[in-house]
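Participant: These are the residues of each chain, in order.
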Amino acid sequence: MVSQEMNDMASRCIKCALCLPTCPSYQKILLEWASPRGRIQLAKHFMDGKEDETDGFTKELAESFYTCTACNACTYACPSQIRAEEIIQEVRGKLFAFGAAPEPVMALRESILTADNVYAGKREDRIAIYPSSIKKRMKAGELKGRAQTVLFMGCVSSYLDMKIVPGLFKILDAAGVDYTLLGEEEVCCGYPLYLMGDEERFKQNAKSLMDRLKKTGAKELLTPCAGCYKTFRKYYPELEDLGVEVLHSVHYIQRLIEQRRIELTINLEKTVTYHDPCDLGRTFEIFDEPREILKAIPNIDFVEMNRNRLMARCCGGGGNVMALDPGLAADMAAVRVKDAVEVDAEIIVSGCSTCKDNLRKGVKAIHKDERPKIKVMDITEIVANAIE
Amino acid sequence: MLSKVIKDELNTLVGEGRYLDNRGALVSYSYDAFMAEGEPEAVLVPTTTEEVSRIMAVASREGIPVTARGNGTNLTGGSVPTRGGIVMVFSRMNKILKIDKENRIAVVQPGVINTEFQKEVTRHGLFYPPDPASMDISTLGGNVAENAGGPRAVKYGVTKDYLLGLVVVLASGEILRTGGKTMKNVTGYNLTQLFCGSEGTLGLITEITLKLLPLPEAIRTLQVAYKDLNDASKTVLKITEHGILPVALEVLDNVFINIIEDYANIGLPREAEALLLIEIDGPEAGLDEQIDRIGKLCNELGALEVKVARSVEENDEIWQARRSAYGAEARLRPTAIAEDCTVPVGQLAHMFREVAEIAKKYNLLIPVLAHAGDGNLHPQILTDIRDREEMKRVEKAIDEISFKAVELGGTLTGEHGIGIAKREILPFELGQVAIDITKKIKRAFDPLNILNPDKIVKMN
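So the sequence lines, in the order shown, correspond to chains G and P.
By the working numbering, the letter at position 327 of the first sequence is numbered 327, and the numbering carries on one by one without gaps.
By the working numbering, the letter at position 399 of the second sequence is numbered 1399, and the numbering carries on one by one without gaps.
Careful: at least some of the hints might be erroneous.
[Unchecked claim] For lysine-lysine, the following PhoX-like pairs were computed, each having C-alpha atoms within a straight-line distance of at most 25 Å:
hint: 1; chain 1: G; residue 1: Lys170; chain 2: G; residue 2: Lys139
hint: 2; chain 1: P; residue 1: Lys1101; chain 2: P; residue 2: Lys1211
hint: 3; chain 1: P; residue 1: Lys1238; chain 2: P; residue 2: Lys1227
hint: 4; chain 1: G; residue 1: Lys338; chain 2: P; residue 2: Lys1004
hint: 5; chain 1: P; residue 1: Lys1227; chain 2: G; residue 2: Lys338
hint: 6; chain 1: G; residue 1: Lys59; chain 2: P; residue 2: Lys1396
hint: 7; chain 1: G; residue 1: Lys368; chain 2: P; residue 2: Lys1095
hint: 8; chain 1: P; residue 1: Lys1360; chain 2: G; residue 2: Lys368
hint: 9; chain 1: P; residue 1: Lys1119; chain 2: G; residue 2: Lys28
hint: 10; chain 1: G; residue 1: Lys207; chain 2: G; residue 2: Lys144
hint: 11; chain 1: G; residue 1: Lys28; chain 2: P; residue 2: Lys1098
hint: 12; chain 1: P; residue 1: Lys1392; chain 2: G; residue 2: Lys15
hint: 13; chain 1: P; residue 1: Lys1007; chain 2: G; residue 2: Lys59
hint: 14; chain 1: P; residue 1: Lys1095; chain 2: G; residue 2: Lys28
hint: 15; chain 1: P; residue 1: Lys1101; chain 2: P; residue 2: Lys1181
hint: 16; chain 1: G; residue 1: Lys15; chain 2: P; residue 2: Lys1396
hint: 17; chain 1: P; residue 1: Lys1119; chain 2: G; residue 2: Lys373
Treat the hints as calculated values from the structure; they're not laboratory data.
Everything numeric in this text was worked out from a predicted model, so none of it was measured.
Next comes chain G alone, as it looks inside the complex:
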């Protein structure tokens, strides 16, 4: 059974289908079970005791709930203001507890629990992408253990070549920021555990990471990862007070520009659009900061995609879907890439490492005869390129 609150919310669904066009998974799968309306109806049906739960918790039912990218766009189209994301999250919790979470999602969990990162990468590889100057300072013990700002890079930015980590260091060093970091000791924030419905492990992981972060004595935590940001700002406080101000790089960069601690001087004669990551946009309504940053780059031609801000189309990378079904995630990203092509953008910028990873795959998922010449960049990367 789902909670009374969720059941009440689900029963408000008038089945109007206004959520269908907003849902990235429905748009690709085109089957009702992959739509918000379908998931709400399934939650209602299988969770209100009408049917024996053991019959309901099939592989297919799990597929319905785990293909949701948790983008939350449906909420903004719903005349009944149903927060499908919350219903889906609760059902995922039930499915997980029942042992019905899909195998690739369980493999992701295994990576986090055994290797502390989403790729089952080696601990020392977490800093492989760090600039050699930083690595040298770390080795020589020059990087302080305690500082005003603690950096938290996140698994995707660290283990994949996202150009985010070097970009962030370049920006911070140019501004003379006093920072510390966990380096090889950094671990996954646990967001994927939360999303798969493993509340217990999420809590354990969060507790241990919080203790480590607190030891740095930092007043603020800076992360370039939208998912980590959401986790630290939305889910950790539900457990306990983290005691630091959590900032995303878009906040931080905007502040540095305002305080003239960095100057964007290098021309970029390109048409650029901004893709709102769900974890920054719809979750916290962080819309203006990234746009102001981009417009501060000399000679940039900024364009909006037709679906932006609250109605921005999800890249398809959220909700653990990249782990569950990378092909589906890339196909969803291809749709978003086409949104950018439609407005003649030459570069899509995002503020989320997962978006960048998935949008790049989205470009490749477009058949080579139609594949657009479009570059995918993170906001830290494009800013780093604009400073001397």
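We have chain G; now place chain P onto it with these hints.
Facilitator: Just chain P now, kept in the frame of chain G:
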């Protein structure tokens, strides 16, 4: 019940992933946007006419009911499989096969979404007018099967007015081609139009040829508030008398004006009995003069206030009131039933008053919005499906509204169809002769009664 052997046969016809019979899939195809529900025994997702044909051959051999479905936005239960059997989902037959600019026609598969089609033809400088409120979601196959209309019907008509030809799979599995690519075509019976509005009871549409218009150059919109609903109604009649045929003439009643204000706070005059939205289109030259003439006429007829939109943004602002209607009503009660009666345009004000009386009589909240230009009213019955006592009153109110519309020379449904919702009251309007001939037509196409059985008319 479908046997294992039949299930295996159907599975082989479409292949893995497009034959579904797990519990989740069956539950998720047990409803549309209407209240009624019923589970199928299998869901099939064809991608070609030939596949549909092969499935129908099995269905007719075995007497399996088949319900066609696009994206399930039907408001009268037309896509609910009330007798189990197969739900045939057309959402993946979603290709625009051809846009022929020279001949102003397009050929599409049934799963193409209306709005996406509109966007694509606009790129070619062409225009497809039918604009049901569900256009962002609903499929063209569903639009044809329901003969969908929308606000633009006043000037441009409804789906049937753009339908030139079809490919239809019959109950037997035979493939029928109707109509053609020409605007004029009187060769034989008009079989094309017979399928339009047949709600999936006569055949399964797998390809549609549509007529297109040149894209109008410009649009202007007016929002006019009236103290007295009669004046709004008079305006609707007078505008056309002045030789102007607007694209759309939409009315919201006082109940709607107030619930929209409560919800969206966009500055609508709460005291107004009616809010009239008027849209005109045409060549840029002369359009402003036309809108001024309409504005003057509205003032002469006692308008409280007249707002003219002269830019895309202002136009958008005006339509925001209409667009907020569903959000506003959904916040008030858990269930909203969209009624769809239609009266001759001259009876519009009369029908509004009747609905208000009926709402009072049954102690229900029934805001009304109407496509005033074509007399199509949508009384929105706001209720709670879980409240049995109230639902009884709702049913009575719906019947009374429908009967009243017919009494005034109108019809039971303007655009939502009969489905299950209005099946029982259908004879009230059609009469026995029409019911009999309807059943004979149904039998001619579907002797086994396997195509969306129980919809429109019950056969036995």
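Participant: Would you mind marking each hint as holding or not holding in the structure?
Facilitator: Evaluated hints:
Between lysine 170 (chain G) and lysine 139 (chain G) the alpha-carbon distance is near 19 Å, which keeps this suggested pair within the 25 Å criterion. Restraint check: the Cα-Cα separation between lysine 1101 (chain P) and lysine 1211 (chain P) comes to about 10 Å, which is no more than 25 Å; the hinted pair holds. Taken as a hint, the lysine 1238 (chain P) and lysine 1227 (chain P) pair is honoured in the structure, with Cα atoms around 18 Å apart against an allowance of 25 Å. Taking the CA atoms of lysine 338 (chain G) and lysine 1004 (chain P), the gap is near 43 Å; set against the 25 Å cutoff, the hint is violated.
Taking the CA atoms of lysine 1227 (chain P) and lysine 338 (chain G), the gap is about 48 Å. The hint is violated against a cut of 25 Å. In summary, the hint linking lysine 59 (chain G) to lysine 1396 (chain P) is not supported, as the alpha carbons are separated by about 44 Å, beyond the 25 Å threshold. A hinted pair counts as satisfied when its Cα atoms are at most 25 Å apart, and lysine 368 (chain G) with lysine 1095 (chain P) qualifies at roughly 20 Å. Restraint check for lysine 1360 (chain P) and lysine 368 (chain G): the C-alpha separation of about 63 Å exceeds 25 Å, so the hint is violated.
The hinted pair formed by lysine 1119 (chain P) and lysine 28 (chain G) meets the criterion: a straight-line CA distance of about 19 Å does not exceed 25 Å. With a C-alpha separation of about 23 Å, the suggested pairing of lysine 207 (chain G) with lysine 144 (chain G) holds against the 25 Å cut-off. A threshold of 25 Å between alpha carbons decides the hint, and for lysine 28 (chain G) with lysine 1098 (chain P) the separation of about 22 Å falls inside it, so the pair holds. Using a Cα cut-off of 25 Å, the hinted pair lysine 1392 (chain P) and lysine 15 (chain G) holds, with the two alpha carbons roughly 21 Å apart.
Restraint check for lysine 1007 (chain P) and lysine 59 (chain G): satisfied, since their Cα atoms lie roughly 19 Å apart, inside the 25 Å limit. At roughly 14 Å between alpha-carbon atoms, lysine 1095 (chain P) and lysine 28 (chain G) fall within 25 Å of each other, so this suggested pair holds. Among the hinted pairs, lysine 1101 (chain P) with lysine 1181 (chain P) is consistent with the structure: their alpha-carbon atoms are about 12 Å apart, no more than 25 Å. At roughly 23 Å between alpha-carbon atoms, lysine 15 (chain G) and lysine 1396 (chain P) fall within 25 Å of each other, so this suggested pair holds.
Of the supplied pair hints, the one linking lysine 1119 (chain P) and lysine 373 (chain G) holds, its CA atoms being roughly 23 Å apart against a limit of 25 Å.
Of the numbered hints given earlier, the model fails hints 4, 5, 6, 8; all others are met.
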